[in-house]
Structures are given as C-alpha cells and as structure tokens.
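Sequence order for the protein chains is A and B. To convert, count from 1 in the first sequence and add 196; that's this note's numbering. To convert, count from 1 in the second sequence and add 196; that's this note's numbering.
Rather than coming from a laboratory, the hints here were simulated on the basis of the structure. What you are looking at is a predicted structure, and each value in this text was computed from that prediction instead of being measured. Misleading hints may appear alongside valid ones.
Identical copies go unnamed one by one, so any copy, or any two together, can satisfy a pair.
Simulated crosslink set (DSBU-like; lysine-lysine; CA at most 35 Å straight-line) [unchecked claim]:
1. LYS283 to LYS253
2. LYS499 to LYS212
3. LYS212 to LYS417
4. LYS417 to LYS565
5. LYS528 to LYS223
6. LYS528 to LYS253
7. LYS499 to LYS283
8. LYS253 to LYS499
9. LYS282 to LYS528
10. LYS528 to LYS499
11. LYS223 to LYS499
12. LYS528 to LYS283
13. LYS565 to LYS282
14. LYS417 to LYS253
15. LYS499 to LYS565
16. LYS528 to LYS565
17. LYS223 to LYS253
18. LYS499 to LYS417
19. LYS565 to LYS283
20. LYS240 to LYS565
21. LYS253 to LYS212
22. LYS417 to LYS283
23. LYS282 to LYS223
24. LYS565 to LYS253
25. LYS212 to LYS528
There are 2 protein chains.
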Amino acid sequence: MFDFTFHNPTRIIFGKDTETRIGQELKQAGLGRVLLVYGRESIKRSGLYDRVTQSLKTNNIAWVEHAGVSSNPLLSHVRAGVELAKKAGVDGLLAVGGGSVLDEAKAIAVGALAADDIWHYFIGTEVTAALPVCTVLTIAATGSEMNGNAVVTNEATQQKYAIHSEHVYPRFSILDPALTCSVPPDYSAYAAVDVIAHVIEGYFTGQGDNLQNRLVEAIIKTVMATTDVIMAEPDDYNARAEFMWAATLALNGLTPAGIGEYSFPNHMIEHSLSAIYNIPHGAGLAMVMPAWMRWFAPCNPEKFERFARQIFGLRTAAEGIEALERWFVAIKAPIRLAEMDIPASDIDRIAANAAALAEAWSISETYTKEAIANILRLAV
Amino acid sequence: MFDFTFHNPTRIIFGKDTETRIGQELKQAGLGRVLLVYGRESIKRSGLYDRVTQSLKTNNIAWVEHAGVSSNPLLSHVRAGVELAKKAGVDGLLAVGGGSVLDEAKAIAVGALAADDIWHYFIGTEVTAALPVCTVLTIAATGSEMNGNAVVTNEATQQKYAIHSEHVYPRFSILDPALTCSVPPDYSAYAAVDVIAHVIEGYFTGQGDNLQNRLVEAIIKTVMATTDVIMAEPDDYNARAEFMWAATLALNGLTPAGIGEYSFPNHMIEHSLSAIYNIPHGAGLAMVMPAWMRWFAPCNPEKFERFARQIFGLRTAAEGIEALERWFVAIKAPIRLAEMDIPASDIDRIAANAAALAEAWSISETYTKEAIANILRLAV
C-alpha cells in the first residue's frame with residue numbers, strides 16, 4: 197500500500213426533494229449573491245428551475261444567470277461566465293445541472309478571482325483561489341459533485357483539458373436521485389460507462405491491494421446491476437439512487453487512495469474524440485475502453501483475470517473484456533468508432549491530438565502517438 | 197436507499213514516517229500551542245515521542261503535556277485535561293496514541309471551550325464548539341481518527357457514554373501503519389473484532405442496498421485477510437496498512453450512508469461490560485457479537501444468509517455466525533464471558549447497566565433489560 201493523503205471536504209445532501217433546501221443551505225454557507233449556472237431549457241421544462249429559484253427567493257439569495265452550458269463545456273462560454281461573475285460581483289457559484297454545468301461553474305469560480313485568462317489554469321498554472329461552488333446535480337456520471345476536477349474544451353485549439361484543485365471541491369452538493377429519472381436511456385448508458393471508466397483506470401494502471409480492488413468491484417457491480425434496472429424501469433428511484441451514490445464514490449478520491457501512481461489513458465484518448473467530434477464523453481469511453489483493455493491486458497494479466505472472475509465469474513482476461521463489451525452493447529453504448537461516424541482514416545489525427553494530452557499528463561512515454569493509434573485501431 | 201447527509205472534513209495523511217510532518221502540519225493548520233495528549237510510556241519507549249516533539253520544536257509549536265490516558269478513558273482524567281487546557285491557554289489538541297487517547301483529546305477539546313462540566317455533553321447537552329483536534333494514530337481500531345465520536349467512562353457511575361459532533365472531527369490525522377506494528381497479538385485481535393463490529397451493526401440493523409452491503413463486505417474480508425497475516429507476521433507493513441485504512445473507513449460515515457435508521461446494540465452491551473470490568477473493548481465485543489447475532493438473526497434472516505455466503509461461502513445464517521465465532525477463536529479473541537472472568541451470575545447487573553444505555557440511545561423498546569440478559573446468556 198502506497199502513501200497517500202485523502203481530504204474531501206464536500207458535504208453531500210442526498211435524497212428526495214433536497215433541492216428545495218438550496219436557498220437555506222446557501223445562506224448557511226454564508227452566500228448571498230450567486231451566479232446561477234445551468235444548461236439549456238431542460239431544468240425549466242422539468243420545474244427544477246422554479247423550485248430552485250423559489251428557494252433562493254425565500255432565503256433572500258440574489259442571483260445572476262449564466263445559462264447555455266453545453267455538454268463538453270466550451271472555453272468561450274466559460275470566459276463569458278467569468279466576465280459576468282466579475283461584473284455582477286457574486287460571492288459564489290450555484291451550478292444546477294450535470295457534470296458539464298458543474299465543471300463550467302468550477303472554472304468560472306477560479307476565473308472570477310484570477311487576473312489572467314482562465315485557460316492558463318488548464319495548461320499548467322496552479323489554482324490558488326476560487327469562489328465557493330455549490331451544486332444541484334441532475335445527471336449522475338462525472339463525480340464532479342464531490343471532487344476538485346473540471347474539464348473544459350478549448351474549441352479554438354480542440355483541446356479538452358482539466359484543472360485539479362482543492363479550491364474547487366463544492367462546498368456542498370445536493371443529490372436528488374429523482375432528478376435523474378428523466379435522463380434518457382442513451383445518456384444513462386453513457387453515464388454507466390463513464391462511472392466504470394473512472395474506477396477501472398486506477399484499478400488496472402495502479403497497484404491496488406485487496407481493499408481498493410474490492411471497493412472498485414463493489415462500484416462496478418452496483419453500476420451494472422442498477423443500470424440494468426434503469427434501462428427497464430427508468431423511474432426506479434432506488435436504482436437511480438444507488439447509481440448516483442456509486443457514481444459519486446467512483447471519483448471522489450476513495451478508490452485510488454493508496455494504489456500508488458496511476459493514469460487515465462482511457463480518458464485521455466476519449467478527450468480527443470469528444471474534443472474533435474463533440475460526442476458524449478461516455479460514448480467515446482465505450483469505444484475506447486474495450487480497445488484499451490485489449491491493448492493493455494498483457495501489462496497486468498493478473499488484474500485482468502481478477503476482473504473477469506470478480507465481475508463476471510469468468511476465467512480469462514479476454515473473456516472479461518468481451519463480457520464488458522457485450523454489456524456495453526446490451527445497454528446500447530457504441531463500441532466501434534464507425535457507430536459514432538468517426539472514420540478509421542482519422543485515427544492519425546486523433547492520435548496526434550491525444551499524444552499532446554499524454555505529454556501534458558506525463559504519460560507520453562507509454563502513450564506515444566503510435567501506441568494511441570494502435571489502441572484506436574482496435575476500436576475500428 | 198434512504199436520504200442522508202455525508203460530510204467528513206478530516207484530512208488523512210497516510211504512510212511511512214508521516215508523523216515527522218506533525219509540526220509542519222500543525223503550523224499550516226494555524227496552531228501554535230497545543231495540549232499534547234498521550235497514554236503511558238509506550239510512545240516514549242518506541243521513540244515516537246521524540247520524533248513528534250522534535251518536529252514540534254523545529255516548527256516552533258509550543259506544547260503542554262497531558263499524559264496517562266488509559267484505555268477506556270476516564271472522566272476524572274478528562275476533567276484534569278480540561279482544567280490544564282484552560283489554564284495553559286492552548287489553541288488546539290494534539291492526540292498521539294490509539295482510539296482512547298483520541299477520544300479523550302476530543303472530550304478535552306469540547307470541555308476547554310465549555311462553561312459547564314464536560315460530562316453534560318455525554319448525557320444530552322449538544323456540543324456547539326471545540327478546539328481543533330489533530331492526531332497521530334498508533335493503533336488502528338476505533339475509527340476515531342476520522343469521525344466525530346468520543347467515548348468516555350464515568351468511573352463514579354460506571355457509565356461508558358459517547359458524544360457525536362461535527363466539531364470534534366480531527367482537522368487532520370496522521371496514519372503511519374509502521375507505528376501499529378508493535379501492537380501485540382491480543383490487541384491486534386481485539387482491533388479486528390472492533391472494526392468488524394463497526395460495520396456489522398449497520399449491515400444487520402439498517403436497510404443497506406447492494407452498494408453499502410458490498411462496501412461492508414469489502415471491509416470485513418480485508419480485516420480478516422490482513423489480520424491473518426498480522427497474526428503470523430506482526431511486522432508486515434502492507435497488512436498493517438490495509439488493516440489501518442479499512443479500520444478508518446469502517447467508521448467514517450461511508451458504510452451507513454443511505455441505509456436508514458440503524459443501531460449499535462453490540463457496542464451498547466459491550467460498553468457495559470468494559471465500564472464494569474474494564475476489559476478491552478474488542479474483547480468485550482468478541483463475546484457479545486456472536487451471542488447478539490444468534491439472538492438477532494431471526495429478525496433479518498436474508499441478511500444473515502447473505503453474510504454467510506459473501507464472507508464465508510456458506511449457506512445458512514447459523515453457519516455464518518459459527519464461522520465468524522471460529523475465526524474469533526483462531527485469532528484468540530474471547531467468545532465466552534468466563535474467558536474474561538465475568539460470572540454468569542452478574543448478567544442481571546450488566547443488563548441493568550446496558551438497559552440504561554439503551555434508554556439513552558433510544559433503542560430500549562427492543563433492548564429491554566430482559567432482552568439484553570437473554571443475549572448475554574448466549575455468551576455463557
């Protein structure tokens with residue numbers, strides 16, 4: 197077991213109708229004027245916008261709106277948010293939405309206190325301060341509700357990069373599983389793939405012991421079982437709830453504690469796919485993951501055999517990977533590039549983009565442009 | 197899945213030689229003068245006292261010493277600590293030791309800011325403030341390093357009672373598994389029993405779903421596997437490390453999140469045993485737990501069957517309980533009252549003591565004096 201530090205100060209408020217407590221919670225957190233960040237019209241159609249703003253009014257929380265966050269949030273939109281946050285003099289951010297909305301709010305929270313352009317923090321400058329971020333989550337997938345990560349796409353350079361900072365852990369996150377019942381089947385499937393991806397990166401590339409392995413396997417089994425229920429019964433509160441909490445635990449620092457160095461090669465390659473083609477992150481991961489697993493399995497055969505045995509009751513690494521791929525097909529996640537209209541002839545271009553990220557993430561020795569192209573060819 | 201809030205702000209600093217960072221960490225936490233709380237001579241014999249105080253000196257942290265904490269920390273000693281903390285004007289507590297030392301430091305941290313006697317907070321008064329508590333852990337067992345609990349024994353009334361407050365979560369806890377290598381076999385066994393007890397209370401009395409059940413099972417399997425290694429090789433760093441982290445996760449709020457109402461009947465009955473006989477907490481639990489499980493199994497047969505299946509690969513509730521009891525015997529934990537010289541003729545007296553605690557913990561409807569006596573008779 198390797199040395200680690202673990203510190204996750206986010207308070208989770210989990211349960212039915214908890215979003216109606218938002219105004220009161222903001223007040224208790226000492227916030228009086230927030231930038232309300234959200235996506236497009238869905239939170240208005242669902243009535244969530246009304247419930248949230250009613251709670252803000254009741255508790256005398258003023259707000260300024262920054263709407264229109266897209267999935268794979270864009271740098272230009274973040275910059276507009278930063279400008280608005282500065283101009284409006286808000287003392288905090290309230291993100292209402294999925295992972296993209298939360299990530300954009302975190303980026304704005306950093307930018308609002310920074311003199312230089314926010315993109316600098318994505319390409320190397322250390323984050324030293326941020327406005328407090330509070331969230332109401334509507335899609336369980338990214339784990340952004342309980343971590344210090346934010347991913348933004350620079351559309352000018354086609355770079356999908358991330359910040360990681362203790363300053364952007366949400367003060368609190370409100371998780372009402374009922375809000376996720378309206379997530380459509382395709383995005384529910386992408387979410388499942390994303391959560392599994394979050395835990396398998398460290399599982400296969402780190403050196404976890406029994407405890408961490410078991411925690412990961414507990415999360416994967418829970419994600420698969422609850423997603424099967426959700427596909428059949430999208431309104432099943434309990435399945436949505438278990439899925440939601442599993443998604444949070446999958447990327448809140450719990451599973452990698454003590455596993456030593458590890459990397460995020462699947463996310464790295466996927467970031468290039470969604471930066472170039474603007475496809476859903478989980479869809480990109482579904483194509484990358486089985487390909488990467490086949491490529492990487494010889495580097496850690498015991499772990500891949502353990503995966504096959506513990507998750508599927510199978511024997512060999514290949515059987516385990518195939519079973520996972522079959523499950524992706526069953527939940528209608530794409531497993532080949534062509535399913536998302538990505539031509540095999542683009543592989544070199546994607547690999548070049550991902551190789552730059554490999555450089556930024558300090559894993560370019562293993563993940564050369566050639567290696568990445570080889571992995572992508574396994575997804576043709 | 198039930199509604200819950202989860203908030204655990206303690207920072208964990210885990211790994212070899214991390215105790216030498218104590219002065220620097222205290223300084224970063226803004227503390228300059230602490231009450232150093234510890235037990236008897238063992239931290240001096242081991243050299244830990246010297247390493248810690250050297251780090252304090254290097255970082256200009258002043259300290260006043262409050263030594264002599266006993267296992268099952270005593271109210272009189274807590275009161276002396278409160279007086280000293282007030283007189284010395286410390287701005288925080290540094291606990292160096294096992295769960296008892298940490299618990300006493302937490303109680304002193306509350307008392308140091310309180311006008312009335314500290315015992316009031318154990319029998320009902322809400323804790324509203326406490327000095328910051330920081331810890332260096334030397335025995336993995338109680339989970340006190342990452343929770344808001346503190347248990348103290350009032351020797352005058354033979355009451356072993358607890359406080360639970362967000363104000364006494366340690367600011368940070370330093371966990372160096374190497375420090376636990378000197379824990380002798382009997383206390384290593386008691387620690388294993390204690391950790392298992394922490395997770396099975398909620399597992400059997402709450403309504404966990406698959407995720408929480410799996411987390412509990414991951415912890416139990418890890419505790420059993422690592423304890424078997426520790427019994428054979430007390431210096432095995434990796435086993436000590438995995439055990440240590442499992443012990444922390446077992447009582448940091450993770451496993452009960454979402455399981456609804458649950459109770460701590462094993463701890464309740466054990467608190468009476470150690471309050472009256474001053475036996476080690478884990479030894480008391482080893483006697484209570486199989487007895488309670490046999491008594492309670494008919495109330496939740498599916499969960500007991502699941503326990504048998506998942507932990508031992510067995511079929512029936514009875515087989516699972518027997519297997520756990522056999523394992524307690526294997527690690528030399530006592531399973532019958534006589535092994536700790538507790539006469540069966542005392543059962544009524546113990547039950548009367550525990551029934552008062554059942555009242556305080558609001559579970560006296562199920563745990564009447566008669567019910568508790570019946571459970572204890574299964575440990576004769």
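Hint check:
no., hint, in the structure
1, LYS283 to LYS253, "within (21 Å within a copy, 48 Å between copies)"
2, LYS499 to LYS212, "between (38 Å within a copy, 26 Å between copies)"
3, LYS212 to LYS417, "both (24 Å within a copy, 33 Å between copies)"
4, LYS417 to LYS565, "within (33 Å within a copy, 42 Å between copies)"
5, LYS528 to LYS223, "neither (43 Å within a copy, 54 Å between copies)"
6, LYS528 to LYS253, "neither (42 Å within a copy, 62 Å between copies)"
7, LYS499 to LYS283, "neither (52 Å within a copy, 57 Å between copies)"
8, LYS253 to LYS499, "neither (53 Å within a copy, 46 Å between copies)"
9, LYS282 to LYS528, "neither (43 Å within a copy, 65 Å between copies)"
10, LYS528 to LYS499, "both (27 Å within a copy, 34 Å between copies)"
11, LYS223 to LYS499, "neither (47 Å within a copy, 42 Å between copies)"
12, LYS528 to LYS283, "neither (45 Å within a copy, 68 Å between copies)"
13, LYS565 to LYS282, "neither (40 Å within a copy, 64 Å between copies)"
14, LYS417 to LYS253, "neither (42 Å within a copy, 50 Å between copies)"
15, LYS499 to LYS565, "within (26 Å within a copy, 51 Å between copies)"
16, LYS528 to LYS565, "within (29 Å within a copy, 57 Å between copies)"
17, LYS223 to LYS253, "within (11 Å within a copy, 42 Å between copies)"
18, LYS499 to LYS417, "both (16 Å within a copy, 18 Å between copies)"
19, LYS565 to LYS283, "neither (43 Å within a copy, 66 Å between copies)"
20, LYS240 to LYS565, "neither (44 Å within a copy, 56 Å between copies)"
21, LYS253 to LYS212, "within (21 Å within a copy, 51 Å between copies)"
22, LYS417 to LYS283, "neither (47 Å within a copy, 55 Å between copies)"
23, LYS282 to LYS223, "both (21 Å within a copy, 33 Å between copies)"
24, LYS565 to LYS253, "neither (53 Å within a copy, 52 Å between copies)"
25, LYS212 to LYS528, "within (29 Å within a copy, 46 Å between copies)"
Checked against the numbered hints above, the structure breaks hints 5, 6, 7, 8, 9, 11, 12, 13, 14, 19, 20, 22 and 24 and satisfies the rest.
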